[in-house]
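Protein sequences appear in the order of chains A and B. The letter at position 57 of the first sequence is residue 103 when you use the working numbering, and the numbering goes up by one with no holes. The letter at position 36 of the second sequence is residue 37 when you use the working numbering, and the numbering goes up by one with no holes.
One or more of the hints may lead you astray.
Said to hold, decoys possible - If you want the ones that stay clear, here's a sample from chain A, every Cβ over 12 Å from chain B, calculated:
| id | residue |
| --- | --- |
| 1 | Glu52 |
| 2 | Gln60 |
| 3 | Thr66 |
| 4 | Asn77 |
| 5 | Leu107 |
| 6 | Ser119 |
| 7 | Arg152 |
| 8 | Val155 |
Unchecked claim - Rough simulated footprint, nothing fancy, chain A against chain B, three-plus residues with beta-carbon under 8 Å:
| id | region |
| --- | --- |
| 9 | 31-40 |
| 10 | 77-88 |
It should be emphasised that the hints constitute simulated quantities derived from the structure, not laboratory data. Ideal placement from N, C-alpha and C gives every residue a C-beta, glycine not left out.
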Amino acid sequence: SQQGEEDPQALSIQEGENATMNCSYKTSINNLQWYRQNSGRGLVHLILIRSNEREKHSGRLRVTLDTSKKSSSLLITASRAADTASYFCALPPSGTYKYIFGTGTRLKVLA
Amino acid sequence: NAGVTQTPKFQVLKTGQSMTLQCAQDMNHEYMSWYRQDPGMGLRLIHYSVGAGITDQGEVPNGYNVSRSTTEDFPLRLLSAAPSQTSVYFCASSYWPARVGTEAFFGQGTRLTVV
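Could you build all of it, start to finish, from the sequences and the hints given here?
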């Protein structure tokens, strides 16, 4: 079974708006990562947040982590058409070496 | 640096045929893994390896074999292809993830169709 569940499954916004997607998980983690996948391509790492961090920024990306609620969110500010992609959270569960990916959020940014 | 290289990019197999999907990385990563991606299912882990000679099963290992004789290569073998194995396959590698977590690098994928 999948560890990470993203929501929404799909999101459509206008260029310039902010996009927020969420990831919920079930077990304890040491860190959580977010990846982007352009259509038909391999995944590309965006950002990693450790379990002792609550918020992290990278350019137009902001990631938050709430370990008490077992959830994380990815915010993309001032979105661009080039941000159109699927976004996945990834969790390496504590005590195992299995990188498990969520089901993804398909983001479409309309020009 | 080529990163993670997967071959072939496309493949059509007949039911019952066998084949090997190749994956090679040139970053000296200890950790390598194979995923399959089906519509609406995200990525599901098939097998992974934490170093040469060490492999283990992921979420959906049935029908697939792996071996890791070198750090660089991690081939995935389909023993007797079935239509249910029609999917896009991704190979990924990273440094030892253990307790810290490092970014994974992905290949461009192999689109497999079993007829």
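Self-check item: 8 Å C-beta criterion, at least three residues: is the region 31-40 of chain B covered by chain A
Solution: Satisfied; 3 residues make the cut.
Quiz item: Is it correct that the beta-carbon of Thr66/A has no partner in chain B closer than or equal to 12 Å?
Solution: Nearest chain B Cβ is 19 Å from Thr66/A, so the label holds.
Quiz item: Beyond 12 Å from every Cβ of chain B: is that where the Cβ of Ser119/A lies?
Solution: Non-interface label on Ser119/A holds, nearest chain B Cβ at 18 Å vs cutoff 12 Å.
Quiz item: Was Glu52/A rightly flagged as not at the interface, with every chain B Cβ beyond 12 Å?
Solution: 8 Å, violated
Quiz prompt | Distal placement of Leu107/A relative to chain B, Cβ over 12 Å | solution = 14 Å, holds
Practice problem: Please settle this one: Gln60/A was flagged as non-interface, so is its CB more than 12 Å from every CB on chain B? | Solution: At about 25 Å from chain B, Gln60/A clears the 12 Å cut-off, so the statement holds.
Quiz item: the region 77-88 of chain B covered by chain A? Criterion: 3 or more residues, Cβ-Cβ distance below 8 Å.
Solution: violated (count 0)
Quiz prompt | Closest CB of chain B to the CB of Val155/A still more than 12 Å away | solution = 21 Å, holds
Quiz item: Once the closest CB in chain B is found, is it more than 12 Å from Arg152/A?
Solution: 10 Å, violated
Self-check item: 12 Å Cβ clearance of Asn77/A from chain B
Solution: 4 Å, violated
Checked against the numbered hints given earlier, the structure breaks hints 1, 4, 7, 10 and satisfies all the rest.
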